[in-house]
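Protein chains: 2
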Amino acid sequence: MPSSAPLPQFDEVLDAAARIAPHARVTPVLRADALDAAAGASLVFKAEGLQHGGAFKFRGACNAVACLSAAEAANGVVTHSSGNHGAALGLAARLHSVTCHVVVPEGATAAKLALVAEQGAVLHRCAPTMAAREEHCARIQAATGATLVHPYADPRVIAGQGTATLELLAAAPGLDVLVVPVGGGGLAAGAALALSGRSPGTALVLAEPAGAADTARALRDGRREPGPAPDTVCDGLRADLGEPNFRILQALGAEVLTVDDADTLAAMRLLVARLKLLVEPSSAVALAAVLAHPARFAGRRVGIVLTGGNVDPAALPWAAA
Amino acid sequence: MPSSAPLPQFDEVLDAAARIAPHARVTPVLRADALDAAAGASLVFKAEGLQHGGAFKFRGACNAVACLSAAEAANGVVTHSSGNHGAALGLAARLHSVTCHVVVPEGATAAKLALVAEQGAVLHRCAPTMAAREEHCARIQAATGATLVHPYADPRVIAGQGTATLELLAAAPGLDVLVVPVGGGGLAAGAALALSGRSPGTALVLAEPAGAADTARALRDGRREPGPAPDTVCDGLRADLGEPNFRILQALGAEVLTVDDADTLAAMRLLVARLKLLVEPSSAVALAAVLAHPARFAGRRVGIVLTGGNVDPAALPWAAA
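Which chain is which? The protein sequence lines are A and B, in order.
Mapping of the first sequence onto this note's numbering: position 309 corresponds to residue 309, and the numbering continues sequentially without gaps.
Mapping of the second sequence onto this note's numbering: position 294 corresponds to residue 294, and the numbering continues sequentially without gaps.
Quick caveat, the hints were computed from the structure, so don't treat them as lab data.
C-beta atoms are modelled at their ideal positions from N, C-alpha and C, and glycine is treated no differently.
Careful: at least some of the hints might be erroneous.
[Unchecked claim] Residues on chain B that point at chain A, a partial pick, calculated with CB under 7 Å:
hint, residue
1, Pro28
2, Arg269
3, Val272
4, Leu277
Work out the full structure, taking the sequences as your base and the hints as a guide.
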């Protein structure tokens, strides 16, 4: 998306909500006394692991597929993904009878790969670099005429992800703060749009792994710059912030808190023990950010989007401890 | 409770619902496409692991404590429990500023013991037999004047547990079948009462571990008889069916399906993977019963109460596999 392209607005989040309503699930909002006590705050969790495909990604993917013209739909869609977006696009495409190609980098988790394959998407393996992923996608586009649905730097995807925040605000009005994980920034930019139109008094906090903190740097420095290779257990948050995502977050404002992986894994375990919910490290990072900054959240009403739960229950990261 | 004592009726479930409403949580009802596909049926799950204390047991305990006279409340309550009821009664007592004694058999799981202690209950250890538990309780009653709140053979507890079914029926009307685990029969008898008044066309199916199948025998033979020592991974379902529980189930009718532990553990893993929800083996037995009898449930609308989630995430039963 060129930097001159128009950015999605709040109305496009509302349009997305109407478009995906026949297909997406209104996920539950959960809470637990023990987690409130641990945080010294009032926490509500949007359980997107219970969304179709096991992650919020279905929202953006479904909106993007529903936006295709008949001619575009006939040629299919293509994307690259370490897992959740690929599974989500595969499912959204299947529901709309559209062919879906997914380019998967080597090293993606087995649980996520299995989900992509389950949706009937055509899998293509590539090297685990963004350059290899994009080049492979371009080749498939050229060969098939398929429409690229980028995992996060796509206005239809951003608008779709914003619907998770709309639903959370409807279930838990009056939030002081909303905390969401940030990787490529699809969920984060969508959240910013949703808050701007529905709850402008709610502060947006982005939780980012310390080992993949490009968003913190970009918002601090006012520009996206290549950083060190990501090094984090949060496999869903290794992507660099997308261009439209950056512009939306810069325009609407967001604070970034960086989180150590050890804190993320402790939060993941706490969520299983206290909310009884299995979430990915890439989700737990948001609670970890809250627990690591008690003064920032003390006494506040805090919404947290638990983005997904696609983790192998037989390989929990503390099982070896 | 003597066998001539009047049994609780449907109205007492409604009374309990009003009595516990200020304290208990209306737990969410969840579903997952993959589980519907696995069962060939439409499944909805009442997630009682998200109840206060991590199990449905808070409902009955809270109703029992709320029923105490001021004089009774001043002397406290006492119970014996392998965990969830003890934690639930401790919490209900704390909310009503009542002293709570819990007799805990040796061998109770560490995760459950920690929950009991957390509620501020006074812990008393005893040998892991029902005789030792009851004798120890009687000693505490004699010394303190505390009121016994039996974990399941108590009409106030039975009525309270029935509220879980009331809520599930409200969220998912028109169920063909309701499946709940059975141990002592508090939840099962409460479910039977709730169905009798609210949805008499819904069949009640009880899921029971094959290694603790006294309820199946009792309903088949028309009498409760001592059987072999329970041998099951379902630590919450080792108790024998209570006397009033038996009479209610016999009067209102229920079918029992027995389940092998291996099937229960497979269902537990499936629930974590597909519903993202950590549940106890004593909960997973209900889904296992459905999956083991596909012809019985094919195409039906099935409600399942997932009774609790108090299991140590670091000691999941398949981690060693």
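We went through each hint and held it up to the structure:
no.	hint	result
1	Pro28	holds, 4 Å
2	Arg269	holds, 6 Å
3	Val272	holds, 4 Å
4	Leu277	holds, 6 Å
The structure shown violates none of the earlier numbered hints.
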